[in-house]
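2 protein chains.
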Amino acid sequence: MKKTGFTVWFTGLPFSGKKQLAALLSTKLKSRGYKTKILDGGRIRREFNRKLGYSRDDVFQNIRRIAFECQMLTENGIVAIAVTISPYKELRDECRLKIKRYIEIFCDCPLEILKQRDSKGLYRKAEEGKLKDVAGISVPFEPPEKPEVHLYPCRESFEQSLAKTLRTFEMLGFIEKSAPCVLTEEEESMIRQRLRDMGYL
Amino acid sequence: MKKTGFTVWFTGLPFSGKKQLAALLSTKLKSRGYKTKILDGGRIRREFNRKLGYSRDDVFQNIRRIAFECQMLTENGIVAIAVTISPYKELRDECRLKIKRYIEIFCDCPLEILKQRDSKGLYRKAEEGKLKDVAGISVPFEPPEKPEVHLYPCRESFEQSLAKTLRTFEMLGFIEKSAPCVLTEEEESMIRQRLRDMGYL
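Top to bottom, those sequences are chains R and B. The numbering used here runs 13 ahead of the 1-based position in the first sequence. The numbering used here runs 13 ahead of the 1-based position in the second sequence.
These aren't lab readings, by the way, just hints derived from the structure by calculation. Check each hint, because a few of them may be wrong.
Any copy, or any two copies together, can satisfy a pair, since identical chains are not distinguished.
[Claimed, not checked] Using 25 Å as the maximum straight-line C-alpha spacing, the simulated DMTMM-like pairs for lysine to aspartate or glutamate come out as follows:
{"#": "1", "residue 1": "Lys32", "residue 2": "Glu200"}
{"#": "2", "residue 1": "Lys50", "residue 2": "Glu172"}
{"#": "3", "residue 1": "Lys102", "residue 2": "Asp210"}
{"#": "4", "residue 1": "Lys159", "residue 2": "Glu201"}
{"#": "5", "residue 1": "Lys48", "residue 2": "Glu183"}
{"#": "6", "residue 1": "Lys159", "residue 2": "Glu198"}
{"#": "7", "residue 1": "Lys41", "residue 2": "Asp53"}
{"#": "8", "residue 1": "Lys190", "residue 2": "Glu169"}
Using the sequences and the hints given, assemble the complete structure.
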């Protein structure tokens with residue numbers, strides 16, 4: 014296992030693809046020899062911070078706890094992957110200051126498209142006034158001005174988003190450059206020959 | 014999730030790298046959208062088949078149960094990855110007959126090298142007569158004559174072994190050919206520019 018801790022901070026509106034991208038990124042990093050840990054803001058809130066609501070103060074509190082975890086993991090050589098909406102610029106800047114090696118990833122999707130994806134009726138309920146403190150509707154989402162990685166999960170493929178992310182980590186020297194293992198022509202033809210001999214091809 | 018069930022049957026002497034390769038293969042297949050399940054012969058024996066010893070009959074019994082699991086998983090669109098020594102040709106041929114889409118992967122390492130790796134003292138104890146029924150020493154390991162995939166984990170890298178394995182699956186049409194996501198030069202330079210603007214580079 015390689016020892017390079019850093020924190021990857023996914024930020025973006027609900028349904029913008031943060032969670033799926035975090036899961037894919039984690040798998041990818043693991044297969045390249047890094048230890049990773051996903052910290053899902055929603056899950057941490059449900060499991061550990063039940064008393065916190067969605068007011069600005071409570072959101073700060075929840076996120077600060079996550080940032081603290083990330084910092085500890087980072088110091089211990091683990092890639093911490095935080096998945097939170099983090100709508101407030103002030104909050105994200107605080108995380109950036111506290112965490113040594115902090116990478117912000119902005120999942121940038123137009124609200125109009127996200128409303129169509131709204132499988133939990135979150136945006137709808139917010140617009141109907143049944144839910145308050147929903148980022149994008151009742152709480153403004155302050156988009157990052159300079160995230161290390163700017164993704165557009167609504168118009169680029171997950172593969173594409175991942176490639177951009179990993180390349181950024183490589184350029185920053187946070188992960189080793191991957192030399193994808195390409196088989197030589199000889200190896201390819203040996204495989205083909207074997208399968209032919211066995212009657213497959 | 015893609016639905017393409019098949020069974021990957023790792024065979025080879027103890028310490029030949031079957032388990033590590035199975036784990037890496039599983040991660041890789043998952044990240045490419047396939048459902049996988051690893052069936053570790055040693056673990057299944059400890060957890061479910063404690064009454065079985067290491068005699069030929071008992072080994073057959075243990076492996077037959079694993080093969081049955083693999084068959085069920087395969088039929089249900091899952092990639093079953095069996096990790097067993099399976100020293101007997103007759104036994105492996107039986108598995109091949111029973112399981113529809115069966116791929117044999119031979120982890121081929123010289124016994125002499127494996128003896129040096131022998132972290133559990135397995136070979137040593139067998140040679141001293143303290144353990145019986147150890148494949149390679151007291152039980153002959155009958156090497157596969159025509160495995161679909163022939164790996165040499167003692168002299169090729171895991172990356173290399175994995176690449177050969179995945180390419181074979183692709184050629185057989187068991188998995189889709191992967192188009193590794195390569196960034197365009199424009200995308201590369203955009204990333205570089207961003208990191209420069211942020212003062213990283």
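Tested hints:
1. Lys32 / Glu200: Classified as between; 23 Å across copies, 38 Å inside a copy.
2. Lys50 / Glu172: Intra 20 Å, inter 24 Å, cutoff 25 Å: intra and inter.
3. Lys102 / Asp210: between (62 Å within a copy, 19 Å between copies)
4. Lys159 / Glu201: between (44 Å within a copy, 17 Å between copies)
5. Lys48 / Glu183: Result: close within a single copy only, 16 Å intra versus 29 Å inter.
6. Lys159 / Glu198: Classified as between; 21 Å across copies, 44 Å inside a copy.
7. Lys41 / Asp53: both (18 Å within a copy, 23 Å between copies)
8. Lys190 / Glu169: both (23 Å within a copy, 20 Å between copies)
The structure shown violates none of the earlier numbered hints.
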